[in-house]
Amino acid sequence: MLNTYVVYVENKPGVLTRVASLFRRRAFNIDSLTVGRTEKPEVSRMTITVEADHDQARRIEANLYKLVNVLLVENITNEPAIVRDLAMIKVAATHEARSHVLELASVFRARVVDVAPESLTIEITGAEDKIDGLLEVLRPYGVLEMVRTGIVAMRRGKAAAGAPALNSDQDVAEEDVSHSV
Amino acid sequence: MKDNTSMTGAGILWECLEREGVQHVFGYPGGAILPAYDALKHSKIHHVLVRHEQGATHMADGYARASGQVGVAVATSGPGATNMVTGIATAMLDSSPIVCITGQVGSKLIGSDAFQETDITGVTLPITKHNYLVTHASEVARTIREAFYVARSGRPGPVLVDITKDAQQTTCAFDWEAAKPQLPGYRPDLSPEPKEYEHALELIHNSKRPVILAGHGIIISGAMNEVREFAERAGIPVALTLLGLGAFPASHPLNLGMMGMHGEAWVNHTIQEADLLLAFGMRFDDRVTGNLKTYASNAKKIHIEIDPAEINKNVKVDVPLVGDLREVLHELLPNVESIDRSEWLDSIDKLKGDAAVRDIQNLPDSGHLYAAHVINDLWRETRDAETVVVTDVGQHQMWEAQYYKHEKARSLITSGGLGTMGFALPAAIGVKVARPEAEVWVVVGDGGFQMTLCELATVVQEKLKVNIAIINNGFLGMVRQWQEFFYERNYAATPLLNPDFAKLGEAYGIRSMTVTERSQVVPSVRAARQHDGPVLINFRVEQEDTVYPMVAAGASLHEMIRRPSKIVETAADE
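Protein sequence lines correspond, in order, to chains A and B. Anchor point for the first sequence: position 20 equals 818 in this note's numbering, and the numbering is continuous, going up by one each time. Anchor point for the second sequence: position 139 equals 129 in this note's numbering, and the numbering is continuous, going up by one each time.
The shape of chain B in the complex, shown without the other chains:
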């Protein structure tokens, strides 16, 4: 419609975003991006005003993870752009497709240390999938099209587009068709060789003790049904990474649960005893492998992965199948034989042993409020709704992963690879904007919450129904736990003196409450769900509670610190 008309670079920017399907952007204005903001009035795109540019990137990230669509964040040059760095790195490590648009000083001023000038393409070079500096209006359309294509194709990731002020202001002819991406070196569409499929099938059919390691790639590829069909047909149990939670239903009999540093002991022992690992869209992160020298040393490994650079990076594999997981499984499935593996599955059941007895959930109410109680009660109350839980990073994140049973993909949004504290609240805003019909719960620690709590104002300004559960233990809990285990309880710089979070919430106009006893958990969750607007619940939980089990950093996966029985007794006695 607008093709071949004359437009400013700023106008072209919004037009191209619309044509890429963008309905919402998260941003913060400033000098170098002002021409773009001025042109926003002609666009149908809804702009969410954030309170800090880091928040904008996490929102775009949350939007992308909740919807599978590209999320967009906008900021000005200099500090606006550098504030995005943490969010970009977060998206990079978790393969989340976002496009960040930053203003840049006028092209004639570049290199002069002009006011609010930063070489943001240089700064973000190692933490973006690709980035661009645009100095002419005529480059805007193609660059935006390429940015979206690169962000969402192959292994997704963040792309930054830095647009000089004059490129936004000057006018040129706009022609969408002529601005097709030109990426001759970019090949996101790889697929394995036939002989590699044959080799993989041979290993699968000869295996007695196979395990599927289910990662984030399943969700990104949309291969949930294929994985389920594969597991059921081949009778293979499924262990999940943190970012894989939801990719395979928690209630499925073949689901083992989360693997790795805070995975249940039986999951890690199963992996260590396996004779075949089938890695589906996961990258053998150090948090899931433990010591590589002793990792699943008797197992053959098949790695289905879209990024060839991940093959043999951490773990040497026997058969790499490089390609889109869903397509690869489509190729494999017709040839997968149904094999009775009840002996293997029974032996895994035995591994579970008394772990369930040690489970804190089965303890009587001692009057103490444990984070696990909060999470598990939250799960029981919200499991039947279309609930998305967005967590921050730390102990509460691991408890969420252990005690909230995720049935569906995209029902848990969390920062895995980078472990970004402050992620949860802004990411949840992005989730709610992407999926307004979903019930969104933020589960966040008292430390991480205070890193980005300014976005409470964004929640209110955008009238978003987001529920916030602060797991408040008055400590930087996970760091405190490491100090307890590995630094002789020297709690250096981990105790937190916090404000009254309920009063803080009220100051923003958010209905807020404080919960100190287990009996209040369910009523508070119900009250939050019934309230129309956003709700904040400050759960004052046990201060020195610990996430069990745990594989110490660098230890072998089977060398776990188990739940001590004394905790069980203490809690029961009181």
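Excised from the complex, chain A in its bound form:
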């Protein structure tokens, strides 16, 4: 099944390479990996989705913790979470097709971000299946170009710890880090 991890890492050069290299050398297949800033400048946050069974998922978590720069790993696969992907889709839209495309975009609550004589560029944010749905109905008009960010995810409701503190005297709260297998 597809597992979703939120991984907090130290914001240092080379950390992305370390994480990517781990997945490659242990032959775990990354489906998507996004990385960006958090509320703490010294901490970056990755959302990684990877195809893995239960045991593999445990091992991925344990292996991520072996990387010295990894601060906290949360497998949120079975947690209530907000999961978002962003896509920009350039659709062939000549005069007669244009209104149909605009209508479809509005049904999906997507936004038109660029209009050209022969095309429209649509931006859509949402769960992956919603974007897949829009893509499917746009395809007959001709998708000229498409880019997706890969998913970012966040647990719903009461906050998890958020980005862990980096000061070593003030370690990550014990209960947040469980290597228990």
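FYI, nobody ran anything at the bench for these hints, they're computed from the structure. You may find that some hints are simply not true.
Derived lysine to aspartate or glutamate pairs resembling EDC-like cross-links, with alpha carbons at most 20 Å apart [claimed, not checked]:
1) Lys864(A) <-> Asp179(B)
2) Lys306(B) <-> Glu894(A)
3) Lys185(B) <-> Glu333(B)
For the chain A half of the interface with chain B, some residues (derived, Cβ under 10 Å), not all of them [unchecked claim]:
4) Tyr806
5) Asn867
6) Ser904
7) Pro962
In this text, a Cβ means the ideal position worked out from N, Cα and C, and glycines have one as well.
Once you have looked at the hints, place chain B on chain A.
Chain B alone, transformed into the frame defined by chain A:
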């Protein structure tokens, strides 16, 4: 003392190494590391000049395995650094704590393909526990402190620190205290939950046919006494991995011997018939499990292991106890009940069957020199001394494991996981430097010896009393054995045309001799022990001898190729 004084990065490097307890480093100079070498004159640290940087890493590794302390290797950028790769990977797979210091081109030149520039942190990323690129003198102290801490804590491993030339040359304030490690994500100190202990004890007490699988983790954790106490109290026999040899005394009645591909048949059968495996600091390597589908299929498994990523990696276990082995056993021991398991132990004795009769050691002297004779005679002669045997990789390594009976931890140093030919001679140099009072024997094949024999010069230059036993069969023996069994005796690229090793040794100024008969083995070993300096003995052994028993790669652990009786007859008849 020197705190808050202004120092160069190079000066800080040596100062920090001293404060980490380093007395010896193994290295080879070059352009990008020259500022560090220039600053060495102010340090108390003894530098061992090697002949190849691979040797430096194996020496640091041997030093670490013999002493339990972190070993240090130094090299320059580019080729100096890439030559370290094999040694780093060796240390990685065998969890050996070493710190490798490499010079790097000036920070302004990084990325420009400058002379002798290699992205060594990129190259070694998958084969180090962690690595660092240091571009400022002010980062040197903290990085070195972190490197040592990471290398030796938790599951030990190699750490590489790449320091640019300008970071070595520029000056900054040195403050040891302020340079404390800052590793917020690094947690080497895990321990099991109470309910996991209870579950483990339940399995142990309900088990009728338990076996302890004793690995390298026992030695790293220093848990030899705890394992012995555990085995004796619970009446559980102990099978060892190659790297576990010495963790439990060979002469102990509960010791079964080495398990796995070249373990004795009764050991592997015992594992296959067990109802409980207690894995102590071992990782179910494919060389000890054989086919995983049929591996100990009726046994419950308890895995005591410091690295959570090893749990359920190869073998699915029932109870994982993640933590330091010694601490975990301390928790378990008071609650382990003494149980009479004589029925199980008797049945294991029956499994031994006629294996002892087939043992080549019990054959009369046929005039032929077998490697097993050499190893066993060496053991008989040196068993009462504080002897460390350092082996290379191949047939001689397996014969050593079978015929040299190791009583103590750290008395066998060998490359297990990576199987690195060329390991023995340089590793032995590290062993001798770490433990000058120990009697050090290199047991090495004629193939592996030639991979790193340049380090003979290091032996001589450092005036090290190291004895070298070359088990010379004129073949890459283990590969030849596989060709014999699995490739219809097509000995492709395995016969070796060798130099006269005795003459070679003499050329280095090493007393050398050649032995071709069994009767000469003991006298040659005695002569070597009596000689003050290093000695090389070229044992010309049977060319097409085979390591038995053997579990073919991928076969089930109980499907062993046994010693054929024809070998017994042939040898006895002649």
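Hints and how they fare:
1. Lys864(A) <-> Asp179(B): Cα-Cα ~12 Å, so holds.
2. Lys306(B) <-> Glu894(A): At roughly 62 Å apart (the allowed maximum being 20 Å), Glu894(A) and Lys306(B) break the hint.
3. Lys185(B) <-> Glu333(B): violated (30 Å)
4. Tyr806: holds (8 Å)
5. Asn867: holds (6 Å)
6. Ser904: Violated - the Cβ of Ser904(A) stays beyond 10 Å from chain B, reaching only about 45 Å at its closest.
7. Pro962: OK, holds: Pro962(A) within 10 Å of chain B, min 7 Å.
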